[in-house]
Structures are given as structure tokens and as C-alpha cells.
Amino acid sequence: MGDSNYSKAYIQALIDELKTSKIYTDLQCAAQVDLAKPTLRLSELKKGVLNGLVNSGWDRKLRNAIYRFLQTNPKLQAPTPPPEHLKEPLVYLRKAQQSWEKRILKSLNSMCTELNIPLARKRPEKDQKEWAQKWTELGIDGPDLSQIRPVYAPKDFLEVIIGLQNPNYHGSDTPGFYHLWGIVQVPLKVKDIDELRLQYSDMSINQCQSGIDDAQDIPSELFEQERVKLGKKVISANHGPLAQEFSKKGCPTSMRATLWCQILAIEVDEIDILYYEQLKTNVLQHELLVDSLLYKDVKLTATNDDQYFVFEDFLYQVLLPFSRDTHVLKHFDYNSASPPKSYIRGRLGMEEFAVNYPPNGVIPFHGFAMYVAPMCFLFKETITLYYVFREMYIRYFFRLHSISSHPQGIVGLSLLFESLLQTHEPDLFFHLKSVGCHPLKVAFKWLVRAFSGYLSSDQVLLLWDRILAYNSMEILAGRFGGFNNITSHSIDPVKSLLQMKAPCFVHGAQRTKRPGAGSSQREAFCQ
Amino acid sequence: MSKGTKVPGYMQGKGSRNPRGIIGDREIRYKCSLQNTILDVLRGRPGWQEVPGQNNIQPNVNQANPKQAGQQSTGQQQANTGKSGSGSTTQGTTSGYKGSVRNPQGPGTQSAVPTRLQGDGDWDFYWCDREWLAQNYDTMFLYEHQKILHFRNHYELTRKNLMVKNLKRLKKQTERELGKAEGQSFEFFPTTYELPSEYHIFVEEFKKNPGIIWIMKPAARAQGRGIFLFRRLKDITDWKKGEYQPLSDPNREVPETYVVQRYIENPYLIGGRKFDVRVYVLVVSYNPLKVWLYRSGFARFSNTRFSLDSIEDTYVHLTNVAIQKNAPDYDPDKGCKWSTQQLRKYLSAKHGVEAVKKAFKGIDNIIIKSLQSVQKIIINDKHCFEMYGYDVLFDSDLKPWLIEINASPSLTASGKEDYDLKFGLLNDLLNVLDLENRLTGKEKRVGGWDLLWEDGPILADDGNMECAPNGTTASIPNSFLGCHNERKRQLRELYTAAQSIKKS
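Protein sequence lines correspond, in order, to chains A and B. Counted from 1, the first sequence has number 249 at position 249 by full-length UniProt numbering; the numbering is strictly sequential. Counted from 1, the second sequence has number 328 at position 328 by full-length UniProt numbering; the numbering is strictly sequential.
The set of hints was computed from the structure by calculation and includes no laboratory data. From a predicted model like this one, the values you see are computed outputs, not experimental measurements. C-beta: ideal position from N, C-alpha, C; glycine also. Hints are supplied without guarantee of correctness; some may be wrong.
Said to hold, decoys possible - The following residues of chain B were derived to be distant from chain A, with all beta-carbon distances above 12 angstroms: (1) 33; (2) 50; (3) 339; (4) 343; (5) 399.
To be verified - Chain B stretches covered by chain A per the calculated footprint, using a threshold of three residues with CB under 8 angstroms from any CB of chain A: (6) 271–282; (7) 372–385.
Produce the entire structure from the sequences given, and follow the hints as far as they go.
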């Protein structure tokens, strides 16, 4: 790790993190085992122990742990930036996020008073027992949800994003030269198509992809068999970066679960199981208003979905403990959002009586359950499912519903989507804009849910493969705007989606079509 | 695709070249006893026309090429005259039997054939119900080209007691001829006894295995009616006394036949729910046995979570849609269904491709073995075809079990997706039967149907996949249940190819 790219403080942070994690003690134990081996010579103590660790696979595990840290912790620019800069460097966006949070809380509070339900209460002994009994079938009779409504939906959030203005950007009210074409008016730097093309070069049309080139009617000798063979090798190496590189071309269905776990460095051990059980106990003991929100959300989304209704119970078993998991709070270090605070009754405003509400600091919105639903196809054990979801959330999904200037934040993705469309499908963009059907208004909810529920589950999983493999969510926006001509078509959701969800959108596009004049791209786009 | 049938006369020239070209030059007339998807399909087929009601005289539509039609049919008719019996001697008799009124004419009266056709019997294709067939089959005379749903004694396979009897017999025969090991491949139906006739053997078996759960099903009823589970012999003695006897038929004197079956206690669960898989199988001939398997189908999920604690709760245990509909919180929009494709994807994500292949191969085995068990018993008739709906259940080791076989699987759609499935299924069924005579007859795949068996297993590749190295794929059976079903594209390619073959 002597790389000069990393500052001393960063490496120190890494070492501190490692020291507090389980791998530190594990390594120590493994080293002691090696030490005790009779074959070890005293003169070659260090070398022998190191060799022993490499042979027993601990070296890989350490590498994976370090890799995980590198991925989740952004490299520090300045020596010691103030913490709020880590969250969000732009003041106006920070403020916008704060006022958005206030709105959410207000809505939550007013629901509480209106319906006269507390934010949290302890369950009576009898209920606790009953809940413990029906833990694996929570969907059978949930609480009465008729009064509960989702706190917000992607539509509300889009309005906020449309309203964002950079006070430094242009002072005049007249829409002038600097006025952006799209509905997102925040000037952030986004990648152009060439940069994306480079970044996603493994997905270019001349590269075979899992999920396309292994379709049933293509002989498996051509691609699939090799792919599976390679996949088995990658899996046996158990090395995060390797799995990640492999996934760039999509995961074979039966290997996806293992590959994802390796990329996210998730190995469920006894401690994790214990931790989950603890969360479960917390759910059984206390009832939160958030539970009802989650319940309602599952009922509204997953249970109504032909693909996911089967997993209703799994979703509760993941989402309810998730809301109690304080580990999630950590991600607020680099998330522009902040966990809402609640105060113990009668001690309003007194900091020492403040608690995070819900304990994980995340207030679910309409469609939240859909972040979990596609993963139910991968994992049979709820616990693995839980940890994979948690990791996915604190790495990626949180960005899809908080306002930030991060290039993978929802603002950046919306902007990227618009700019790609403007640059590569200008006719289409202009036409849609002029008939008042703005493309982002159609696409925003797809982005916020990372396409879950809008594409078939296997397509969603193939897409999420790429999120993990490239450690970036830009692919979500890239899937639309002109980007599809550098990628293969079968995992291109745009065509089918536009057809299904936005008839006017497609219809409009077809009307703009002029004979000749480079319409082939657009045809590919909207057929 | 079907230009020929749209335009009468267009096919005239071609028709003479076809050995089966009897309806090559006119529309295809059909009858249908159902009001659901099948009727939509038939009505939607270009060049097909519904036979009007019973007393209407069909206008003479066959004049365009009477000579040919007459020639084709006369020989056949003569041969059948004796068989079809006395009811068919007088011209124009409007006997009560549908279909039997078609009168054979002497060899000299060729041109007069069409005018004498009585509207009611004048069909080329009849999607009839089983009752109708049972009443009319024996007195019915069919032309060479006519196609009718169901075989005469289809119940050999669809009545639960007969199915088991037939399977047991073939199993014994196989064991005798090929040894115990071969008999193992019949281990796909749970221990079953017929009641009341095998009551004593059952009681013996019951006492040997205390504590296990048994399921009781009426042999002849469908859609899950009259089914219950029990664990104690007392339950069944109560039932014997008449407590469980259905009230619907009090006049019946002979006690209804039931089968009692060992209940599969470790079903494969998804999301805590039990499910069964509906597989569509088309038999176009029993001798030689020719079987098609449809790629798509669905898995039906039980509405509630599975547990053995509440065996009184029928809803959990039965996955028949018909039963589920009565569950108190049934949501019709949801349908509780997955496509077989979805199921296959799910299973291969969890267990790997190989395990799933093996499991689905087990289904092929079930289909073939069950059909073979009745091959010699079913009265084969080249006019008849049958579309079976197999209900298959996976246990927790992914081993498929045969639950039952339906000869009239429900064709009423529960939703848009279901409608699309059934519409495609039936349309492709008509494509396989090929009354339009557009195919070469050598196809291994037509739309979503794959030829699974024709007097022997069909392999996915013989000769048309040159790139297969060292024969690794040689043993892949031509079975693609739950695989991608891009039927429209396949049909387009198929018809283009068939046309060019026929031309040359």
C-alpha cells in the first residue's frame, strides 16, 4: 500500500478500520496457528508466517477487505475536508437537501397526528410472541393500512429536482444563453458519450455478453461454455476485483449470487447471523410507523407484481430489520442526506434525548421495496439477501433519492440522461419538449428505482451486474440517451419500456421521423 | 402467412399437388363447443369459418373443385360405410347425432357431394367437449382430413384411478422385461390406491407407515373439487360413513371412486409457497406415439404459506386455480402465477443450469412414460388429437412428481398474460395440426411446440447444427420446457422454409 496516490491520513484510516474489523483478529488467530507449526524455523519466522497466511487463503481475504474499503471510501482530496464537504460540497444543494428532508418529516409528522399513531411503541408481550411465530409469513395479515400513504413518490422528488437553481450560475431572470435545455437546471459536469464509451468499453457491440450471447438459440459452444468455465475459475479465486472484472460482461444466472457476494465482500458468518437475529428481535419488540410504510409499499409494489408477489414475505424479513440497522447510519458520512432526529416524549429539542428515526435513518418512499425485490431471485437465505441488499444500498441506491452533486447522484444521472438525449437524439428531444412530454418526466421514476419493476427481473439483474462491475450507476442514465448504439441491443430496455409506459412518447417520436436524414439511430431508439 | 386460405381459388393449382389437399381450395370449417380463448383463436385464423347452427344448410362452397374433393373422399367413405352403420344410409337424415349425418355417396355421384352436406356435420375441425365425443364417436363417420379433439377413451389417462392403474402395469412390465433398475424411472407418482376397491391394501399400507399424510381425491372430478387430506384412519372411516359424501349427487347408487395418495410432504417452496407446474402436451397419434411439448406454461402458487401444521386448511395444499379462487383473500388481479420461463430462471439462479436441466428432463420422462402406459389401450384414430394439461409438482430435491393429467385443461384466461399464453398455445396447436397444409410434416418445432417423441426420442440436433464439436450435443433431447418462446419469429422462418421446400 505504499502507493503515493494515497495520502497518509487515508492509509491511517484504512488501518484503523481494519484493526477494528473482524478480519484483524481472524488474521491474528491464523498467524498464531502458523506460528505453532513445528516445521517453522525461528530464523525465518516472518517469512514462514506470511507464507502460511498466503497458503491458507488469508492473503486474499485481506486483499478483499482492503479493496472493499477503497471502494466504499472516497479518496480524500484535501488533507482534512470538513465533514459537511464529504457529504456535499455545494452549499446550495446541501440546503436543498435539508429543506427536502424537512418536508418529508413534516409529512410524516402530520400523518402521525392525523391518524393518532406514535412513531414508535413497544409491542405488548402477546403481540411479540405472535410476531415471532408468524415471522416467515408476515404477509398473511398485516396491519390495517388503509389510512397509511407513502410519504413521497418519485414524482414529488422530481419536482424538487426541477426546482433546483444554482444562485451563482446566472442572475438574470430572462432565459438566456446559459439556460439549460433540459428541466434539470443544475450545471454539473457530466460525462459525454466518448468518455462513457471508454468507461464501458467491455460492453461494446463487438464483445459477447452474458444474457445475450448465451440465449437458447445460440449454440452454447460459441460463448456460453467458455464463459461458465471462466466464471468457475473466477469464483474459486475468491477475489473481489476479479469477480468485478468478470461481471462487466454480465454474470451467468447460476453464478450471479456468488459473484455479487464476492464483489461486495460479503461472507455471512456467525457474527452476521447473530447481528441479524438481534435486528429481528428489535423488530419484534418495537413497532415503528415506518413498518406500516414498508408494509404499504410492499403491498403496493411487489405484491402486485407478477414476478415478485411470491417474495412478499422475504421482503418484510429484509426491510423491517433494515429499518432497525444502525450500521446503515455510517453511510450518512458520505451521503448528502442526514438521518432524521426524533426526541423522546417531552424532551423535544434536547440534544441528549435525540434518537435517529428510524434507527437506520432512511425513510422509505413509494417503491423502496423494489430495491430488494429483484435480489430475491438470487438468494435463498434471507440473511445473505439482507446483507447484500444492505451493502447495495449503502454503496449505490441511497444516491438515487438524495440531492447531491455526485456524478452518480440522481441529479447527475438526470442531467446525464438529458444531455445524452440532447446531443444524440436532438430531434426527438426537441419534439418531446415541444409537445410537453418531457423525456425525463417519463424516465425519472425508472432511474429512481434503478429500473426495478419496470424491466423484467432478469434484465434488471443484468443491469445491476454492470452497476457492481463498473462500480457506477451511470449505466442507468446511459441506457437511454444514444448510449445504446455502443452497447448490445438485447439488454436495452429503452425500446420496450417506452412502448409500454409512454405511448405518447413513442408516438411523438415517430411523428418527427423524417425520411432519410439520419433517422436510423432514432429508429433503433424508439421502435 | 396464410394467403392461400384467404383467397379461395388461389390454392387450386397447389392443391392438386398435395396428397392431403382436400381443403386446399376453400375455407376451413370448424365447430367449437367452448366460448373462451379457443373460440377467439379459431375466429381469428384467416380462412377459417365457423359452421353455423344446427339446422342451417351449409351453402355449397365446395364447387370450386368438386372433382378433387370427391375423389379424395370416396374411397375412404366406402371403406367406412360398413363401420358407420345403418344410421348413415338415407340421404339428408337429420338424426340427433352431430356429425353422423354425413352420408356416404356412391362412387358415381362425385359432383353431388357438397350439396348434400348437412350443415351440422360439415366441419373440418371440431373442438368438442368430452361428453359429446363419448356420445357420438361410435356412430360417427369422419373424412380423411377431419380433425377432432379427444380420443375415444381419453379417460384412461385422465381419471386418476385409471392413470395409476396403467402406470403400475407398465412399471411391472418394464421391471419384468428390463429389470428393477428400469422400473426406477417410474418412481414419479406417489403411492396410490383406488377406493373403495383397494381399501384393504390401502389400510395395510397405512398401518405400515403411521403418521404420514394422505390425500383423498375423487377419481373423476376436476379442478380440485372434493379433495381432502387426512392423517388418521378415523377421518376416513367417518368419510366412509358418508359424512364427506358430496351432496351434489344423492341419487347415485354406486359409491364414487376415490384415489388415496401418499401426500408429498416436502414440496419445493418459493417464498414459502407451494406451487405446481402446468405443462401442455399435444398427442397427435398414439400409434406411432407422436408427442409435442409446449415451451410455455405456468406455475400456480398456493395463496398461503405452506406448513404441515394445518392440514385442514385445503387452500395451502392445493394449487388448483379453481380452488384458490375460493380463498378469502384471493386477489384475481394477481393470479398467483409465474410463467414457466420465470420459474426456470429462478430455479437455475438457485441451483445451477445442470440441476434444472435434470429436473425438467424428469418431466419429459413423466410425459413419455405416462403416455406409453396407455399407448396400447387408447383407441388410436388419426382424426383425433388431444391436448393434455399435466400438473407436476417439484419436491425439495427438485424431483418432479406427477399429480394429474387433464384432458380439457382450462382455456379461460385469468389475465392478459395468461390470455397471451393460451392464445399462442392454441394457435400453434392449429399450426401443428396444419389443416392448411402449409408444412412439410418433418418439422421438429412449430411455434412454441417442440416434437418430443415420435416412436422414439427426438434429439434437438440431427445434422442442422454443424458447429457442434465432438458430438457433445448429440444427446440433447428436443425438449425446451420453460425456454425462450419466440414463437412468432420461429413461425415466420418455418413457413418461409416450408414454402421454399415445397416449391422445389
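Legend entry - Enumerated hints in conflict with the structure, sorted upward: 3, 4 and 7
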